[in-house]
Amino acid sequence: MGGMLQIRLSGSGGQGLILAGRILAAALVAAGRRVAQSQSYEPTSRGGLSRADLVVTDAPADFPLVTALDYLVILDERAAHASDDLLAAGSVVLCDTRRVTSRISGPFALHRLPLWETAIGVGSPRVANIVALGALAAIGGIVAPDLLRQKVVGLAPPRFRDLNAEAFDTGYELAAHAPTVARPSQPSAML
Amino acid sequence: MTAHLRNLQGNAACALGAIAAGCRFYAGYPITPSSEIAEWMAAELPRVGGIFVQMEDEIASMAAVIGASLGGMKAMTATSGPGFSLKQENLGYAVMAEVPCVIVDVMRGGPSTGMPTRPSQADVMQARWGTHGDHPSLVLAPHSVAEIYSETIRAFGLAERLRTPVVLLYDETLGHLIETIATEPPPPEALLERKWAEGPRREYRPYAAGEDLVPAMARPGDGHRAHTTGLTHDETGFPTQDPERVARLLDRLLGKLEHHRALIEKVDRVETEDAELLIVAIGIAARAAKAAVGALRRQGVKAGLFRPVTLWPFPEEGFRSAVATAKTVLVPEMNAGQLVLEIERLAPAGVTVHRLGRYDGEPIAPEEIVAAARELVR
Numbered sequence: 001m002g003g004m005l006q007i008r009l010s011g012s013g014g015q016g017l018i019l020a021g022r023i024l025a026a027a028l029v030a031a032g033r034r035v036a037q038s039q040s041y042e043p044t045s046r047g048g049l050s051r052a053d054l055v056v057t058d059a060p061a062d063f064p065l066v067t068a069l070d071y072l073v074i075l076d077e078r079a080a081h082a083s084d085d086l087l088a089a090g091s092v093v094l095c096d097t098r099r100v101t102s103r104i105s106g107p108f109a110l111h112r113l114p115l116w117e118t119a120i121g122v123g124s125p126r127v128a129n130i131v132a133l134g135a136l137a138a139i140g141g142i143v144a145p146d147l148l149r150q151k152v153v154g155l156a157p158p159r160f161r162d163l164n165a166e167a168f169d170t171g172y173e174l175a176a177h178a179p180t181v182a183r184p185s186q187p188s189a190m191l
Numbered sequence: 001m002t003a004h005l006r007n008l009q010g011n012a013a014c015a016l017g018a019i020a021a022g023c024r025f026y027a028g029y030p031i032t033p034s035s036e037i038a039e040w041m042a043a044e045l046p047r048v049g050g051i052f053v054q055m056e057d058e059i060a061s062m063a064a065v066i067g068a069s070l071g072g073m074k075a076m077t078a079t080s081g082p083g084f085s086l087k088q089e090n091l092g093y094a095v096m097a098e099v100p101c102v103i104v105d106v107m108r109g110g111p112s113t114g115m116p117t118r119p120s121q122a123d124v125m126q127a128r129w130g131t132h133g134d135h136p137s138l139v140l141a142p143h144s145v146a147e148i149y150s151e152t153i154r155a156f157g158l159a160e161r162l163r164t165p166v167v168l169l170y171d172e173t174l175g176h177l178i179e180t181i182a183t184e185p186p187p188p189e190a191l192l193e194r195k196w197a198e199g200p201r202r203e204y205r206p207y208a209a210g211e212d213l214v215p216a217m218a219r220p221g222d223g224h225r226a227h228t229t230g231l232t233h234d235e236t237g238f239p240t241q242d243p244e245r246v247a248r249l250l251d252r253l254l255g256k257l258e259h260h261r262a263l264i265e266k267v268d269r270v271e272t273e274d275a276e277l278l279i280v281a282i283g284i285a286a287r288a289a290k291a292a293v294g295a296l297r298r299q300g301v302k303a304g305l306f307r308p309v310t311l312w313p314f315p316e317e318g319f320r321s322a323v324a325t326a327k328t329v330l331v332p333e334m335n336a337g338q339l340v341l342e343i344e345r346l347a348p349a350g351v352t353v354h355r356l357g358r359y360d361g362e363p364i365a366p367e368e369i370v371a372a373a374r375e376l377v378r
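So the protein sequences, as listed, match chains A and B.
Numbering follows the numbering used here, with no gaps: position 81 of the first sequence is 81.
Numbering follows the numbering used here, with no gaps: position 181 of the second sequence is 181.
One thing to keep in mind: the hints can contain errors.
From the derived model, a few chain A residues whose C-beta atoms are all more than 12 Å from chain B [as the list claims (entries may be wrong)]: (1) 56; (2) 98; (3) 102; (4) 103; (5) 104; (6) 156.
Interface residues of chain B toward chain A, partial, derived using beta-carbon atoms under 7 Å [what the hints assert, rightly or not]: (7) 5; (8) 22; (9) 287; (10) 288; (11) 290.
Note that these hints are calculated values from the structure, not bench results.
Owing to the predicted nature of the structure, the values given are computational and were not obtained by experimental measurement.
C-beta atoms are modelled at their ideal positions from N, C-alpha and C, and glycine is treated no differently.
Pulled out of the complex, with its shape left as it was, chain A reads as follows:
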């Protein structure tokens, strides 16, 4: 895979977005790419807006911060409209059905999936971040799913390894079988 990719994982503090960003970044580096990761650096541990941004390139990026998103994950209402200015036709937006209550619309590919409820079903709402990574892997265009799964398992604390693996697999299946999913190669399907 080549070319620049800009990715944002957003939600509220405590949802493990920065960890998910680090896992995704590790997979991308294992795939031979270069990553610049930045995050909101506010005291958000108790529920403020939180985000992890990735700029993915083949050579070190000129500017390491996101300017226009290719992929946006929204896990909480607090983040619902925080990235509106960074979206365009061609962007892919993955949005939780329960925790995001306001209407998300625009000229981009929108995937509304029950990430939060799936995480609860797997065993803990705390793995909604990993369910989202699984769903992103199924949507495709970022990194090989098996490589990402390997990093999800490898970077998780040992006692959460099985839970994270199951969260990733369930998220992958959820997106792979969802009727709303359109691959980035055919974004017009969702316009």
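Using the hints, position chain B against chain A.
What follows is chain B alone, placed relative to chain A:
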């Protein structure tokens, strides 16, 4: 051999660079957005036999670093704007007593406690003039995580070789940015080291320097006797107010960095060979400027970037050479106008200098620079 690539935070790269350079003493008082440097040093220094001390405040931290360096160790501290202010008196002592050490200032919004978690570049002049009196300043300004690693190593080399404090200056965005880098510790023979006193002890004068203007230091335990003071001193190290000796000391102190400019200066130039619009920037603003130069070139604007990696002493010759073809200079910086003052001082007659500033806690974006540049070349 392919270097091992890893994702590393800017502040972590600073700590690992320091250890690769041989730093074995850290004293500090944690302050956002520099705290991860202390965190990493606390974890990593004991593994290599080094010493980490969390001091009671920034003033004591700087004093402890000076003491450790006089004791023969490579020593550093890290802080941010408010803490950097507190360190200034002792930083001046290190200049005057010629004590090698590295001070990292990760810039956040100010003045005062300002915005702890927001980036700024408003310490450009504090790094130059923060301590009192006529004094030379050696300040390095990296613009990426990879360069934070390599410039930290260079900071120690320059501090040790030239017997001077060296400030490493970067903004919060870079401190907290994670980038994919290769960390390759340089081989020991590649490091610049301190010049230790040798020869007969009775003839040793601690502040007598040869042609390179750098006096050899007394290594503790070797028996060379040295007196260290912040008072104006002669070659014996004891205080003097004799005008001739005072002038000789200050001439040498100020001349020391000038004499070693070739070793000290480092610049980065992007497409400056035929640039009609020259952008001058440091840190995260320089990353935005790099992207802006690419965009402007694609739009047919002959833009280029001059980046002083060594910020102070300002690389004057490098700038004069880069500005040779320019009609206009644009200085994007995250402050109310500091670096632009130096550019105005150095710009040739007929070249206009413009500033693009913001101090609202947001980094300057490439599109802002493109827009300002297009306005200037209309």
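* To do: Check each numbered hint against the structure and report the violated ones by number, ascending.
  => 1, 8
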